[in-house]
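Those sequence lines, one after another, are chains G and C.
Under the numbering used here, the residues of the first sequence are numbered 96 to 270, in order.
Under the numbering used here, the residues of the second sequence are numbered 96 to 270, in order.
By construction, these hints were calculated from the structure, which means they are not laboratory data.
Straight-line C-alpha distance at most 25 Å; calculated SDA-like pairs for lysine to any residue:
#1 LYS226(C) <-> ILE145(C)
#2 LYS204(C) <-> GLN162(C)
#3 LYS109(G) <-> TRP135(C)
#4 LYS204(C) <-> LEU121(G)
#5 LYS166(C) <-> GLU214(C)
#6 LYS268(C) <-> ASN136(G)
#7 LYS268(C) <-> PRO220(G)
#8 LYS202(C) <-> GLU115(C)
#9 LYS204(C) <-> LEU107(C)
#10 LYS268(G) <-> GLY142(C)
#11 LYS261(C) <-> GLY265(G)
#12 LYS109(C) <-> SER119(C)
#13 LYS268(C) <-> HIS129(C)
#14 LYS204(G) <-> PHE168(G)
#15 LYS202(G) <-> GLY142(G)
#16 LYS268(C) <-> GLU132(C)
#17 LYS112(G) <-> ASP123(C)
#18 LYS202(C) <-> GLY120(G)
#19 LYS166(G) <-> TYR263(C)
#20 LYS109(C) <-> SER122(C)
#21 LYS204(C) <-> GLY120(G)
#22 LYS109(C) <-> SER122(G)
#23 LYS261(G) <-> HIS129(C)
Output of the computed footprint for chain G on chain C, the stretches with three or more beta carbons under 8 Å from beta carbons of chain G:
#24 115-122
#25 213-226
Residues of chain G placed beyond 10 Å of chain C at every Cβ, according to the derived structure:
#26 GLU132
#27 ILE145
#28 ASN149
#29 LYS202
In this text, all values refer to a predicted model and were calculated from it rather than measured experimentally.
Cβ atoms here follow ideal geometry from the backbone N, Cα and C, with glycine treated the same way.
Number of protein chains: 2
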Amino acid sequence: MNFNMKEAIELLEKTPKTLESFLSGLSDEWLSCHEGEGTWNVYEVVGHLIEGENSNWIPRVEWILQQGYRKPFSPFARFAHLHNSEYVSIDDKLQEFQRIRTLNIAKIKDAIDPDLHLELKGVHPAFGTVKLSELLSTWVVHDLTHINQIVRVMAKRYDSDVGPWKEYLGVLKDH
Amino acid sequence: MNFNMKEAIELLEKTPKTLESFLSGLSDEWLSCHEGEGTWNVYEVVGHLIEGENSNWIPRVEWILQQGYRKPFSPFARFAHLHNSEYVSIDDKLQEFQRIRTLNIAKIKDAIDPDLHLELKGVHPAFGTVKLSELLSTWVVHDLTHINQIVRVMAKRYDSDVGPWKEYLGVLKDH
Chain G
96 MNFNMKEAIE LLEKTPKTLE SFLSGLSDEW LSCHEGEGTW NVYEVVGHLI EGENSNWIPR
156 VEWILQQGYR KPFSPFARFA HLHNSEYVSI DDKLQEFQRI RTLNIAKIKD AIDPDLHLEL
216 KGVHPAFGTV KLSELLSTWV VHDLTHINQI VRVMAKRYDS DVGPWKEYLG VLKDH
Chain C
96 MNFNMKEAIE LLEKTPKTLE SFLSGLSDEW LSCHEGEGTW NVYEVVGHLI EGENSNWIPR
156 VEWILQQGYR KPFSPFARFA HLHNSEYVSI DDKLQEFQRI RTLNIAKIKD AIDPDLHLEL
216 KGVHPAFGTV KLSELLSTWV VHDLTHINQI VRVMAKRYDS DVGPWKEYLG VLKDH
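Working from the sequences, and respecting the hints, build out all of it.
Okay, here's the thing in structure tokens:
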């Protein structure tokens, strides 16, 4: 196992500031581009990260700590952020993500003792038995998967603009 | 064509600060992990970005502006940074990248008139005729490809730690 609470928290702490450095002040052409119908632009990805902070990670951590594996977690509504059509600027979204992530990190630092709790089990509605360390690892990799998505979506805006160099640019081959 | 000089410069300006927010202060376990023998860790990726600033993008821009397509550019040594074995901290590398990127952006703002120069042609040693706009688009997407690489390399450290959630985490399927 590579998972380690201290190192995982390092990355969870980094994500909001990294996204702010990357996204704040960009032209709307970068923020609103996407990979085709039904795919997410930057606003939607950040909305999804906020939704995860509210409804997914901490409720499931608490479920495992309090209920264990007596009954499965509720499924996470992975598309809930798409039903909120109110326009919010990217800076406001990034601030909200930073705010709630900071609170959530404080909660896990307070609630989880890595020497006691990492092997505790819960029941995922689709996967069955999962461990707290797997949930926390997934939270970290979920951040990374969505940073990758944002970067890939932007790169693809220039898919044909790069001409023959496309051959050398791995990001244009990801999907 | 989606390429536009102002929007391209926005992203080129973002990359050093984004990487600093993401990488500065991380444990060496995150900075030195890689995808297997012959693949790059974070230090090496940042070294490659610095090498590109020194030896690739600006020399080729200047070549197109000054020599046009009378003779091909020299090939870029894409692995040159691997021959420099001196240890440099990640913060020093990130500062060096920021410093030279800032200079290089000033150079292209000064040298390129988007109304006159974007269609100018050069000869790539492998690809043949390329346009200045393609070179500049490639510079942007090259940044994005290497941000993606760094994120992917870190994510894969937790490839087995995430347990069954792997199925939902696209970044673990990229290569």
